[in-house]
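A.B. asks: For reference, the chains in residue letters:
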Amino acid sequence: MKFTAAELGKLLNGIVEGEPGAEVSAVSKIEDAQEGSLTFLANPKYAPFLYSTNASIVIVGLDLLLEKPVTSTLIRVKDPYSAFSVLLDLYNSSKLNKTGREEPNFISPSAEIGEECYIGAFSYIGHNVKLGKNVKVFPQVYLGDNCVVGDNSVLYAGVKIYSDCLIGSRVIVHSGTVIGSDGFGFAPQPDGSYSKVSQIGNVVIEDDVEIGSNNSIDRATMGSTIIGKGVKLDNLIQVAHNVEIGKNTVIASQTGISGSTKIGENSVIGGQVGIVGHISLAKGTQINAKSGISKSITEEGKQWNGSPALAFRESLRIQAVYRRLPELENKIALLEKQLLERGGSGEEAERNA
Amino acid sequence: MKFTAAELGKLLNGIVEGEPGAEVSAVSKIEDAQEGSLTFLANPKYAPFLYSTNASIVIVGLDLLLEKPVTSTLIRVKDPYSAFSVLLDLYNSSKLNKTGREEPNFISPSAEIGEECYIGAFSYIGHNVKLGKNVKVFPQVYLGDNCVVGDNSVLYAGVKIYSDCLIGSRVIVHSGTVIGSDGFGFAPQPDGSYSKVSQIGNVVIEDDVEIGSNNSIDRATMGSTIIGKGVKLDNLIQVAHNVEIGKNTVIASQTGISGSTKIGENSVIGGQVGIVGHISLAKGTQINAKSGISKSITEEGKQWNGSPALAFRESLRIQAVYRRLPELENKIALLEKQLLERGGSGEEAERNA
Amino acid sequence: MKFTAAELGKLLNGIVEGEPGAEVSAVSKIEDAQEGSLTFLANPKYAPFLYSTNASIVIVGLDLLLEKPVTSTLIRVKDPYSAFSVLLDLYNSSKLNKTGREEPNFISPSAEIGEECYIGAFSYIGHNVKLGKNVKVFPQVYLGDNCVVGDNSVLYAGVKIYSDCLIGSRVIVHSGTVIGSDGFGFAPQPDGSYSKVSQIGNVVIEDDVEIGSNNSIDRATMGSTIIGKGVKLDNLIQVAHNVEIGKNTVIASQTGISGSTKIGENSVIGGQVGIVGHISLAKGTQINAKSGISKSITEEGKQWNGSPALAFRESLRIQAVYRRLPELENKIALLEKQLLERGGSGEEAERNA
Numbered sequence: 018m019k020f021t022a023a024e025l026g027k028l029l030n031g032i033v034e035g036e037p038g039a040e041v042s043a044v045s046k047i048e049d050a051q052e053g054s055l056t057f058l059a060n061p062k063y064a065p066f067l068y069s070t071n072a073s074i075v076i077v078g079l080d081l082l083l084e085k086p087v088t089s090t091l092i093r094v095k096d097p098y099s100a101f102s103v104l105l106d107l108y109n110s111s112k113l114n115k116t117g118r119e120e121p122n123f124i125s126p127s128a129e130i131g132e133e134c135y136i137g138a139f140s141y142i143g144h145n146v147k148l149g150k151n152v153k154v155f156p157q158v159y160l161g162d163n164c165v166v167g168d169n170s171v172l173y174a175g176v177k178i179y180s181d182c183l184i185g186s187r188v189i190v191h192s193g194t195v196i197g198s199d200g201f202g203f204a205p206q207p208d209g210s211y212s213k214v215s216q217i218g219n220v221v222i223e224d225d226v227e228i229g230s231n232n233s234i235d236r237a238t239m240g241s242t243i244i245g246k247g248v249k250l251d252n253l254i255q256v257a258h259n260v261e262i263g264k265n266t267v268i269a270s271q272t273g274i275s276g277s278t279k280i281g282e283n284s285v286i287g288g289q290v291g292i293v294g295h296i297s298l299a300k301g302t303q304i305n306a307k308s309g310i311s312k313s314i315t316e317e318g319k320q321w322n323g324s325p326a327l328a329f330r331e332s333l334r335i336q337a338v339y340r341r342l343p344e345l346e347n348k349i350a351l352l353e354k355q356l357l358e359r360g361g362s363g364e365e366a367e368r369n370a
Numbered sequence: 018m019k020f021t022a023a024e025l026g027k028l029l030n031g032i033v034e035g036e037p038g039a040e041v042s043a044v045s046k047i048e049d050a051q052e053g054s055l056t057f058l059a060n061p062k063y064a065p066f067l068y069s070t071n072a073s074i075v076i077v078g079l080d081l082l083l084e085k086p087v088t089s090t091l092i093r094v095k096d097p098y099s100a101f102s103v104l105l106d107l108y109n110s111s112k113l114n115k116t117g118r119e120e121p122n123f124i125s126p127s128a129e130i131g132e133e134c135y136i137g138a139f140s141y142i143g144h145n146v147k148l149g150k151n152v153k154v155f156p157q158v159y160l161g162d163n164c165v166v167g168d169n170s171v172l173y174a175g176v177k178i179y180s181d182c183l184i185g186s187r188v189i190v191h192s193g194t195v196i197g198s199d200g201f202g203f204a205p206q207p208d209g210s211y212s213k214v215s216q217i218g219n220v221v222i223e224d225d226v227e228i229g230s231n232n233s234i235d236r237a238t239m240g241s242t243i244i245g246k247g248v249k250l251d252n253l254i255q256v257a258h259n260v261e262i263g264k265n266t267v268i269a270s271q272t273g274i275s276g277s278t279k280i281g282e283n284s285v286i287g288g289q290v291g292i293v294g295h296i297s298l299a300k301g302t303q304i305n306a307k308s309g310i311s312k313s314i315t316e317e318g319k320q321w322n323g324s325p326a327l328a329f330r331e332s333l334r335i336q337a338v339y340r341r342l343p344e345l346e347n348k349i350a351l352l353e354k355q356l357l358e359r360g361g362s363g364e365e366a367e368r369n370a
Numbered sequence: 018m019k020f021t022a023a024e025l026g027k028l029l030n031g032i033v034e035g036e037p038g039a040e041v042s043a044v045s046k047i048e049d050a051q052e053g054s055l056t057f058l059a060n061p062k063y064a065p066f067l068y069s070t071n072a073s074i075v076i077v078g079l080d081l082l083l084e085k086p087v088t089s090t091l092i093r094v095k096d097p098y099s100a101f102s103v104l105l106d107l108y109n110s111s112k113l114n115k116t117g118r119e120e121p122n123f124i125s126p127s128a129e130i131g132e133e134c135y136i137g138a139f140s141y142i143g144h145n146v147k148l149g150k151n152v153k154v155f156p157q158v159y160l161g162d163n164c165v166v167g168d169n170s171v172l173y174a175g176v177k178i179y180s181d182c183l184i185g186s187r188v189i190v191h192s193g194t195v196i197g198s199d200g201f202g203f204a205p206q207p208d209g210s211y212s213k214v215s216q217i218g219n220v221v222i223e224d225d226v227e228i229g230s231n232n233s234i235d236r237a238t239m240g241s242t243i244i245g246k247g248v249k250l251d252n253l254i255q256v257a258h259n260v261e262i263g264k265n266t267v268i269a270s271q272t273g274i275s276g277s278t279k280i281g282e283n284s285v286i287g288g289q290v291g292i293v294g295h296i297s298l299a300k301g302t303q304i305n306a307k308s309g310i311s312k313s314i315t316e317e318g319k320q321w322n323g324s325p326a327l328a329f330r331e332s333l334r335i336q337a338v339y340r341r342l343p344e345l346e347n348k349i350a351l352l353e354k355q356l357l358e359r360g361g362s363g364e365e366a367e368r369n370a
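Protein chains in written order, with the numbering used here: chain A, 18 to 370; chain B, 18 to 370; chain C, 18 to 370.
Be aware that one or more of the hints could be misleading.
Identical copies carry no separate label here, and so any pair may be met within one copy or between two of them.
Dumping the calculated EDC-like pairs for lysine to aspartate or glutamate here, alpha-carbon to alpha-carbon at most 16 Å [stated by the list, open to error]:
1) K319 to E132
2) K312 to E120
3) K246 to D208
4) K246 to E353
5) K27 to E84
6) K115 to D80
7) K62 to E36
8) K213 to D106
9) K300 to D208
10) K264 to E223
11) K115 to D162
12) K112 to D162
13) K279 to E317
14) K264 to E34
15) K300 to E52
16) K150 to E129
Worth flagging that the hints you see were computed from the coordinates, not collected in a lab.
Small disclaimer: the values here were computed from a predicted structure and weren't measured.
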């Protein structure tokens, strides 16, 4: 798609300064922008780039004073960042404007498909599946029997959702993510082997959740694994059976949450964190990357670090001493030597050294 | 599916107490159960829920004494937990009773498909592939040329198995798992680039193995990467080329095992563990979550913790002191001060501080 | 495929010793080789296996002196390892000699497909996609609109590439890998929820890159996430939005790189490493497995270890003292006791204990 400065000026209710016919077909950061690109200037720190950028069009503030001539066409608006965000969203949504059904696909006769849905080629819609309005099912998606997906949700190429799972509205799931695979439950047998425990629960993804790529979200043994409203999961995250993640919690990539653990709302969890099973984390818990959480956290809104995790400030204090360990050991050796030299219970010191 | 209390009572050889026509279509935990649900009471700790549950049917012990009236219909059996497990397995297996071939699929004319197999839509069965009896190949599975899959195995939607891999009987592989991708082998070149080493081995998955979702199991450089009989792998696990995992070993999610390492039978390995390449772990080794194993373990049945890992009790002792490091540093400073105050070799102490 | 000793001898310009009609259809390590296998002997350490191997054909050096009779047919060449490598590459490439288009597939009429491409069944080639010559697109691959793939690249079964991504020549991507999913960008809202930031950049994979299975490589928020020429990525790696990985860098499995971080060329990064966002690592940086990198590294070619990471030797020194912590604590207690026994400021010591 191409836009002219005149069209964009009208769309943003801005003032065009320069060539109204200037055309853009891409968006860029001001420092990287090439001819044909649209960019913006909001942070004064980036103002010098305005005079060197190759961008064809730059969105700037109404009151920006030019210190030198510029080659780009400018569009002056009240809030350049917001204006640019509006354009980004437009640009982004244009990529999602797929509709209709591509062939071949597999749609069970018992499935109910809402209006304006997109069903990509090679997608599989099982028995009794219900899709709301305007659901985008990209190619090669698998929706097992009895799954329900709410309005305006997007399942990107290759998402796999096992039977009986419930997906809310405005949910986005990225490629490679598996929802509803069996929980990891095995009963040890006397001969050292393991016998599978049937996993008959499901997964419930509430509204406004976004789930990145290659996540593994297991179904509950019984009942539901629950991803609360507004939760955002990054990539390659493990969510075990019967986990419950409270609303608006954000989790960075490669973190793992073991079975039956409950995470409070509005928590922020870094990458590569490990959380043991059967514990609860209070609301607003913040966990640093790579931490290991082995006990319930009852105090709300606290920050944790390390493995096993400690209160954040305490852990930093300890880490600082940790780095001085060789020095401390030298000091101890010196103290022992001094005490020995002065006699007294030196013998004892030597025996214990 | 719906069942009445009368039908379940007959199936379980139990005594129905209450409404024989009570119907259930779901199973739940007693504390969560809604109308239309079946649940059970085995652990006396949960007995109070019996009087408040909304479950339509509860399986209870023959000798349970009611302290108050209950609204649910009861089915009395000798062992409620076992009876419930039997029902779970029935319920679970009903989800797997897919049969026949869905269209479209891709089945090479040279493939041999056993009796009662299910071939889901968009599945790809390469040249010379051999499937045993009653193999369930869910939609969008890829089976490369010359793969063999034993009787009663289940490959869930989207599993990818590269050519020449051998999968045993009663094996379950969950969605997103990749078996037989190239091992990570590159020869450094004088100019700083790397040249690929051909990976021409395969992967052998023995009988009764279950592999969770989104695992990566690389083929051997030469020979076989081997997952022993009865091994259970959770999700997002890395198994590098030429690894051998002994039978009945259990590995939790996000653990990584580097190339050519051998893990003894009946080991239990926690989540997010890292194991270096070219080492051996003795039988029955237990490794705590997040540990890093950098050397072979020769003693059987021992528990390890930390990174680098130490014997479990030792690592706990060290961790306890680690938490007191700021306190220890203060003590050392105080000792230095005291010694300095008393004169003698105080000068030396100062020089070394 | 089967080869006779005579055929292989001709191919390798070697001398056949034994039965020229001996046939092989597999390759093995000398210690594992069965009848019908081809193997080689280069390292004298393995010479004893020559007299016990079941291999039908063994490639050996021109000047190897036999100490006992052998049952295998020998092919004598100048450099057995190189000769074997040549055969491995031939064997390996024979697996990749797929051509033509399998049905059904989905190829947009606006896509341009180069000569000699293989398009596996159930693959999806979006609008305006451009494939170079001899590209292998295995079954169930997804290539979103406007993607470009260079000559001789291989996309294994089930690879998912979102729209607008650019893949170079001689690139190999393994199954389950997702390229171009949205970066993890959300703006916190006053009510505790998060609003999605549109991710409108792309991913650029330069020439000669190999990417293992189940990797997640996010598109840039704006601009490009860049995987430099010759980079080799293992499995289950997270590459966040706007990351740039310099050429010929090698990264082991389960490592995560956070947003906007730049990694210098010729770096070597171990498994399960975590790297925070918005930092730069100098060229030739070496990072040990499981390390956590939280600050930029400016010095080239240095080795790091631990979390938070320290210079390699320093970290080993500290780890050694760490293991002696209980002993150090005992020494401190003893010093305190001795000082107390000698009187003086003992009272103070006690107060601070």
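A.B. asks: Decide, hint by hint, whether the structure agrees.
C.D. replies: Evaluated hints:
For a Cα distance limit of 16 Å, the shortest separation of K319 from E132 qualifies neither inside one copy, at 45 Å, nor across copies, at 58 Å. In this homomeric assembly, K312 and E120 never come within 16 Å of each other (Cα to Cα): the closest approach is 51 Å inside a single copy and 50 Å across copies. Within a single copy, K246 and D208 get their C-alpha atoms only as close as 44 Å, which misses the 16 Å cut-off; across copies the closest is 13 Å, which meets it. Proximity of K246 to E353 under the C-alpha cut-off of 16 Å is found in neither arrangement, the shortest distances being 61 Å within a copy and 57 Å between copies.
For a Cα distance limit of 16 Å, the shortest separation of K27 from E84 qualifies neither inside one copy, at 26 Å, nor across copies, at 75 Å. For a Cα distance limit of 16 Å, the shortest separation of K115 from D80 qualifies neither inside one copy, at 40 Å, nor across copies, at 61 Å. In this assembly of identical chains, K62 and E36 lie within 16 Å of each other by CA distance neither inside one copy nor across copies; the values are 26 Å within and 76 Å between. For a Cα distance limit of 16 Å, the shortest separation of K213 from D106 across copies, 9 Å, qualifies, whereas the shortest one inside one copy, 47 Å, does not.
Proximity of K300 to D208 under the C-alpha cut-off of 16 Å is restricted to the inter-copy arrangement: shortest distance 14 Å between copies versus 43 Å within a copy. Taking the shortest Cα distances, K264 and E223 sit within 16 Å of each other inside one copy (9 Å), while across copies they are farther apart (39 Å). Within a single copy, K115 and D162 get their C-alpha atoms only as close as 24 Å, which misses the 16 Å cut-off; across copies the closest is 11 Å, which meets it. Proximity of K112 and D162 under a CA criterion of 16 Å is satisfied inter-copy only: 9 Å between copies versus 29 Å inside one chain copy.
Taking the closest pair of Cα atoms, K279 and E317 come within 16 Å of each other only inside a single copy of the chain (14 Å); across copies the shortest separation is 35 Å, beyond that limit. Proximity of K264 to E34 under the C-alpha cut-off of 16 Å is found in neither arrangement, the shortest distances being 45 Å within a copy and 41 Å between copies. In this homomeric assembly, K300 and E52 never come within 16 Å of each other (Cα to Cα): the closest approach is 48 Å inside a single copy and 31 Å across copies. Taking the shortest alpha-carbon separations for K150 and E129, only the intra-copy value of 10 Å comes in at or below 16 Å, while the best inter-copy value is 34 Å.
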